[in-house]
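K.L.:
Listed below are the residues making up each chain.
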Amino acid sequence: MKVMSGRRRLWRKSVNAMMLGLAGVFSILVVTPLLWILGFVVREGSPALSLTFFTELPTPVGVPGGGIANALVGSILTVGLGVLIAAPIGVLAGVYAAMHPDTPLGVALRFGTDVISGVPSIVMGIFAYTLIVLPQRHFSAVSGGIVLSFIMVPILIRTTEEMVRLVPNSLRDGALALGAAEWKTSFSVILPAALNGLVTGAMLAIARAAGEAAPMLFTAFGNPFMNLDLREPIATLPHMIFVYASSPYEDWHGKAWATALVLITLVLLLNVTARLLVWWRTRHLGNLG
Amino acid sequence: MDIPAPVDVRPRVAQIGDGTVPVKTEARDLSVFYRDFKAITQVNLPVYAQKITAIIGPSGCGKSTLLRAFNRMNDLVRGSRVEGQLYLDGQPLYDSQVDVVDVRRRIGMVFQRANPFPKSIYDNVAFGPRLYGVGGGSTLDALVEKSLRQAALWDEVKDKLHQSGLSLSGGQQQRLCIARAIAVEPEVILMDEPASALDPISTLRIEELMHDIAKDYTIIIVTHNMQQAARVSDFTGMMMIDDHRAGRLIEFDQTQVIFTNPKDKRTEDYVTGRFG
Amino acid sequence: MLAAAAVLALVLAIALQLWNNSALSRAAFGWAFLVSSKWDPALTETFGALPYILGTLITATIALVGAVPLGLGAAIFVAELAPDWLGRPLGFLAVLLAAVPSVVYGLWGLFAFIPTFVRPTSLLLEKSLGFLPLFRGPVYGPSRLAAGLLLAIMVLPTITAVSRDVLRAIPRSQREAALALGSTRWEMIWGVLLPYGMSGFLGAIILGLGRALGETIAVTMVIGNNLDLSASLLHPGYTMASIIANEFTEATFDLYVHALIEIGLILFVITLLINLAARVLIWRVGRRALAGGRA
Chain A
588 MKVMSGRRRL WRKSVNAMML GLAGVFSILV VTPLLWILGF VVREGSPALS LTFFTELPTP
648 VGVPGGGIAN ALVGSILTVG LGVLIAAPIG VLAGVYAAMH PDTPLGVALR FGTDVISGVP
708 SIVMGIFAYT LIVLPQRHFS AVSGGIVLSF IMVPILIRTT EEMVRLVPNS LRDGALALGA
768 AEWKTSFSVI LPAALNGLVT GAMLAIARAA GEAAPMLFTA FGNPFMNLDL REPIATLPHM
828 IFVYASSPYE DWHGKAWATA LVLITLVLLL NVTARLLVWW RTRHLGNLG
Chain B
34 MDIPAPVDVR PRVAQIGDGT VPVKTEARDL SVFYRDFKAI TQVNLPVYAQ KITAIIGPSG
94 CGKSTLLRAF NRMNDLVRGS RVEGQLYLDG QPLYDSQVDV VDVRRRIGMV FQRANPFPKS
154 IYDNVAFGPR LYGVGGGSTL DALVEKSLRQ AALWDEVKDK LHQSGLSLSG GQQQRLCIAR
214 AIAVEPEVIL MDEPASALDP ISTLRIEELM HDIAKDYTII IVTHNMQQAA RVSDFTGMMM
274 IDDHRAGRLI EFDQTQVIFT NPKDKRTEDY VTGRFG
Chain C
1279 MLAAAAVLAL VLAIALQLWN NSALSRAAFG WAFLVSSKWD PALTETFGAL PYILGTLITA
1339 TIALVGAVPL GLGAAIFVAE LAPDWLGRPL GFLAVLLAAV PSVVYGLWGL FAFIPTFVRP
1399 TSLLLEKSLG FLPLFRGPVY GPSRLAAGLL LAIMVLPTIT AVSRDVLRAI PRSQREAALA
1459 LGSTRWEMIW GVLLPYGMSG FLGAIILGLG RALGETIAVT MVIGNNLDLS ASLLHPGYTM
1519 ASIIANEFTE ATFDLYVHAL IEIGLILFVI TLLINLAARV LIWRVGRRAL AGGRA
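Residue numbers (our numbering), protein chains in the order written: chain A, 588 to 876; chain B, 34 to 309; chain C, 1279 to 1573.
The following block holds chain A by itself, in its conformation from the complex (with noise of 0.2 Å):
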């Protein structure tokens, strides 16, 4: 009969302890830099926050003052231009991957949006340059827009698909049994079912289209006043903390600062709204009727 020497049983225990006791530390530490950016962001940021800085232009060097205005608008047009025509492209395709997975069209549409999300971005904005901004000859907030619809499709469609996909079959079924053609189906009963997760999948895009610098370097390109002609260079809040931290000021460091903290809890916000509806509307999975 085996028996376990004493010493064996010790070292199994003791590696045991440690590797575990090593995944608790890695996991707190995989958490940490999120607190620190956040604090520093708070930190650094809030002092330059002011009602004017939302309001007011950009100031030049030195003097003191002024605001992001012409960033927040921009990066408003710029985002919800994309919204605009990435919406429709991305639900509309969303469905179509969910109700036809396993068709030619269905398995490619997949394909895509995998290549389509693995792009960087800032290859999408040269593909942006090449496509718009060459033969124009101009920068432009459209440009911008654009650009960012290119990158919020692939979002939509994934969170459209996942969502159309949770609509019960019976429900999908009925509406086609009664005779509705398919695309009636997907718009009046599909989709009012899968709004909620619609509306997760577009804050998750806006989320992800606001922060977006690299592209806005060869498309919207910035400018240091306030624009709302969409065939003319805009500023975006990404893009102005990019020069701003960039520049050698101190001043303007601090004004990157500011901005950022503005940024991020815009984009925190949506996040954490999207995945909560999410949490909560999976929880209530019962209730699509």
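Calculated directly from the structure, the hints in this document are not laboratory data. Don't take each hint at face value.
Across the chosen pairs, the derived CB separations fall in these ranges [to be verified]:
{"no.": "1", "chain 1": "C", "residue 1": "1283", "chain 2": "A", "residue 2": "782", "range": "20 to 28 Å"}
{"no.": "2", "chain 1": "A", "residue 1": "817", "chain 2": "C", "residue 2": "1504", "range": "32 to 40 Å"}
{"no.": "3", "chain 1": "B", "residue 1": "276", "chain 2": "C", "residue 2": "1558", "range": "54 to 62 Å"}
Even for Gly, the Cβ is constructed at its ideal location relative to N, Cα and C.
Starting from the structure of chain A, add chains B and C where the hints point.
P.N.:
The following block gives chains B and C in isolation, referenced to the frame of chain A:
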């Protein structure tokens, strides 16, 4: 209607034929709770050494819970707790001094659905011994071969030890799991409906091998197949759900007695197929 | 549906545009572009992408070396060890890190992370291991190491989240089998779970790699953007993404622009291949779980 107390079988040895057989492991007043729900209540079950003990009863009566109490697998369920005690060779198993890892080595388990690791056949069987420091080379090879022979699988796999365990048929996979359990040289083997997912021929092979290995190990088998219990076991315990939805051991005796002359009417109804 | 077709058209369009608009550069330099390190827009108008390719690979490697143990370890803790009330919030926070915009990472990296952590660590490395070419000084601030470490933090959520999902997909019966044989928790994780989910974990790592390769803004802000050819990690450097970000709007003549776009093309192809590999690997774990469940 109140259920009468279970048949009390307290003596530590049983008179069987002209010899006495010691108790290897036993449950005393054992109750298992999942949070507030009492799954089994006040079970007193002696398990005699080198004998096969079957636990039968209708679905949901707590047979598996009782079985899993022996190797403390219920511990894995959050919120589970135990009242009463389980003994192995007279030593309590539910005790703060006890090393669970060691309990599980001495009391092995075979599950309802075969669950081999996605490793080679050899590595599946060698997994346990390697944990205990059995080095590679001839010692390990010999141990693997011995375990596979005892599980009646050696001849079928000796030429393909390095193929994946998942490449075997269902019945073969289950015998692989038995070999894997045997490889750590346990004293007791728990079997949770080991053949219920298998075809009749595989089932018979497993029953045969149970007979062959019974002389070296103490076996407790849970089964919903009464004929199997009658074929295979030396002792049988009958469980049922009481009014509070907790499982109870209502009768325990030598298998022959249970199936030909049970003392409890409910047992008689069950084994004659009148219900359940 | 039209929408689906539109999406596919987009993919092709991207590839096409990148290809066409790098034509000049490809014609001028051919495959040598990939291995030449001469980048001289001003005088000789020759371009070579090697330093940037190397820079990208180096920073991505540092990122993975840092992120994989941490991410896997955290995933194991959250999925296997922690009780629900601890595991859910921790998992949530770990993933929330992914929502932080790249530019905010860069800002924090430049003004907080580098001064308080990277710089002291680099000085320490230089002092103790400075004889190795890998750690030769002098230490400024921004460096490849800084970029690599920052990337590690950015990639952590991907690796943690995907690994956690992989662990959750492994059937319970495997865990029970291991524990019933008398293994400790760790032995079960190391001996059964990790091998079982290996292709999934590899997928997670590769997905993380894909993210690290394409990361632009944060890297640009902390890598120093200096065409440094030394092997030292403590020196500033360049990556493919950061040079595009830096020089694109300064590119005054066509060949210059095309060269930069060609770098974009290379980046596109690499990230494409890597993401595909990752998806295939992750898909395989799901299939195995299904197959293994059959008796």
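K.L.:
Taking the numbered hints from earlier one at a time, note which ones the structure violates and give those numbers from smallest to largest.
P.N.:
Checked against the structure, no hint fails, so every one of them is satisfied.
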